[in-house]
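S.K.: Protein chains in written order, with the numbering used here: chain A, 1 to 131; chain B, 1 to 131; chain C, 1 to 131.
Note that these hints are calculated values from the structure, not bench results. Idealized CB from N, CA, C, for every residue including glycine. Watch out, some of these pointers could steer you wrong.
Subject to a maximum C-alpha distance of 30 Å in a straight line, what follows is the list of computed DSSO-like cross-link-like pairs (lysine-lysine) [to be verified]:
#1 A:Lys81 / B:Lys95
#2 A:Lys95 / C:Lys113
#3 A:Lys95 / A:Lys81
#4 A:Lys113 / C:Lys113
#5 B:Lys113 / C:Lys95
#6 C:Lys95 / B:Lys12
#7 B:Lys81 / A:Lys113
#8 A:Lys113 / A:Lys81
#9 C:Lys95 / C:Lys81
#10 A:Lys12 / B:Lys113
#11 A:Lys95 / A:Lys12
#12 C:Lys113 / B:Lys113
#13 B:Lys12 / A:Lys81
#14 B:Lys113 / C:Lys81
#15 B:Lys113 / B:Lys81
#16 B:Lys81 / B:Lys95
#17 A:Lys12 / C:Lys81
#18 C:Lys113 / A:Lys81
Chain B is faced by these chain A residues, among others (derived, beta-carbon under 8 Å) [to be verified]:
#19 Leu3
#20 Leu9
#21 Tyr16
#22 Arg17
#23 Ala19
#24 Ala21
#25 Leu39
#26 Phe40
#27 Thr41
#28 Ile43
#29 Ile109
#30 Glu114
#31 Trp116
#32 Ile122
#33 Val126
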Amino acid sequence: MPLTRISLLRGKPPEYRRAIADAVYAAMREDFGVPADDLFTTITQHDPGDIVYTPEYLGIEHDDDIVIIQITANNTRTVEKKQAFFASIADRLAKNPGIAPNNVIINLIDVMKENWSFGNGIAQYVDPPTQ
Amino acid sequence: MPLTRISLLRGKPPEYRRAIADAVYAAMREDFGVPADDLFTTITQHDPGDIVYTPEYLGIEHDDDIVIIQITANNTRTVEKKQAFFASIADRLAKNPGIAPNNVIINLIDVMKENWSFGNGIAQYVDPPTQ
Amino acid sequence: MPLTRISLLRGKPPEYRRAIADAVYAAMREDFGVPADDLFTTITQHDPGDIVYTPEYLGIEHDDDIVIIQITANNTRTVEKKQAFFASIADRLAKNPGIAPNNVIINLIDVMKENWSFGNGIAQYVDPPTQ
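This is chain A alone, in the form it adopts within the complex:
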């Protein structure tokens, strides 16, 4: 159910972009309780200057390799789970495609389980199921 939106500057090859999506999905599976095959991610490549970011915030520096990851997910996770998820994403992105952890910005948007349809116009997470 998470819907992931990845924003980065234009100029990275397809494999690099795909590796970001894969890393976030792996972190979801391992550390955020997301079911298998629950993968819906958009990647937006922005024109030069179209990601406007602080060079430093909270002592952490950023440059044009910045990646902003906004994830909409069900509101069922604890603070500790969110912390573990963030760490997992940053660790995986450092390994592949090799993004410095300081350049990984993450934001979660919590929603209710009835706020999703994964096809066929059905709210699959509503209980009792309507299928």
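We have chain A; now place chains B and C onto it with these hints.
M.R.: Then chains B and C, alone, in the frame of chain A:
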């Protein structure tokens, strides 16, 4: 008030894209209690590979005609209303521009009524009105 | 912490787009209690026809200079603060880059403070700090 974000892969003509926006708006008007002329929609055409999706989740298959529709709206709808809205969107998209219902992914983000300004720097839904 | 997403039609020069980001940031600093250097903004330039908007809603007219500003921020602001923030954004955009206030659409998404990582895989706003 809904702000609708439609994401699809690049390659569909303008009329196809516009038909998606029109279908979602029609569903809002008929089945989600949205006022007339309350239409604010962005469409983003992603480069090849920049929508990363599961080939199958919950028994529903997806392909490169996938459309992801994320709608931010006031938090005033019941679960039943959301279910009817999802069904209405999928039905309308199947008719025009002819998107298979399995390829229609929908997510809602609920917000409070004071979270909107439709111009002039005013929060028009705040009561008492500030206009 | 706010993550700002600015959507406009393609065709405006870089300085114009940057001025929008700067105006929203200035409004955040002055009127929304946002810390210095807390600036994370994406700008998306949409193809012709890919912002679908009502010509008039609530008596306010819109045209192709429409700018849609969606801001995800912590859920700590009062209604009055949000109203002041909207007015501040519209005022600043009217001055530079010169956007008519009727064309400024704003939406806020409220999230919890633990929903952010500004780098290094750490949820910096969680108390006690995990750094």
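S.K.: Would the pair Lys113 of chain A and Lys113 of chain C pass a check requiring their Cα atoms to be no farther apart than 30 Å?
M.R.: Judged against 30 Å, a Cα distance of about 21 Å means the pair holds.
S.K.: Taking the least C-beta to C-beta distance, is Thr41 of chain A closer than 8 Å to chain B?
M.R.: This interface hint holds because 4 Å falls under the 8 Å limit.
S.K.: Do the alpha carbons of Lys95 of chain A and Lys113 of chain C lie within 30 Å of each other, as the hint requires?
M.R.: Holds, at roughly 28 Å.
S.K.: Should the interface hint for Leu9 of chain A be scored as holding, given a Cβ-Cβ cut-off of 8 Å against chain B?
M.R.: Constraint on Leu9 of chain A not satisfied, violated at 13 Å.
S.K.: Can the hint on Tyr16 of chain A be confirmed by a CB-to-CB distance to chain B that is less than 8 Å?
M.R.: Hint on Tyr16 of chain A: violated, closest Cβ of chain B at ~11 Å, above 8 Å.
S.K.: Would the stated hint for Ile43 of chain A survive a check requiring a Cβ distance to chain B of less than 8 Å?
M.R.: It holds, given that the least Cβ distance between Ile43 of chain A and chain B is near 4 Å, below 8 Å.
S.K.: Are the Cα positions of Lys95 of chain A and Lys12 of chain A separated by 30 Å at most?
M.R.: The given pair, whose Cα atoms are some 16 Å apart, holds under the 30 Å limit.
S.K.: Are Lys12 of chain A and Lys113 of chain B close enough, with their CA atoms no more than 30 Å apart?
M.R.: 39 Å, violated
S.K.: Given the hint that Lys81 of chain A pairs with Lys95 of chain B, does the C-alpha gap stay at or below 30 Å?
M.R.: 42 Å, violated
S.K.: Does the interface hint hold: is Leu39 of chain A within less than 8 Å of chain B, judged Cβ to Cβ?
M.R.: At 4 Å from the nearest chain B Cβ, Leu39 of chain A passes the 8 Å test, so the hint holds.
S.K.: Is Lys113 of chain C close enough to Lys113 of chain B, meaning Cα to Cα at most 30 Å?
M.R.: Holds: Lys113 of chain C and Lys113 of chain B sit about 21 Å apart, inside 30 Å.
S.K.: Is it true that the CA of Lys113 of chain B sits at most 30 Å from the CA of Lys81 of chain B?
M.R.: Given that 30 Å is the threshold and the Cα spacing comes to 18 Å, the pair holds.
Violation of the numbered hints given earlier is confined to hints 1, 6, 10, 13, 17, 20, 21, 23; the remaining hints are satisfied by the structure.
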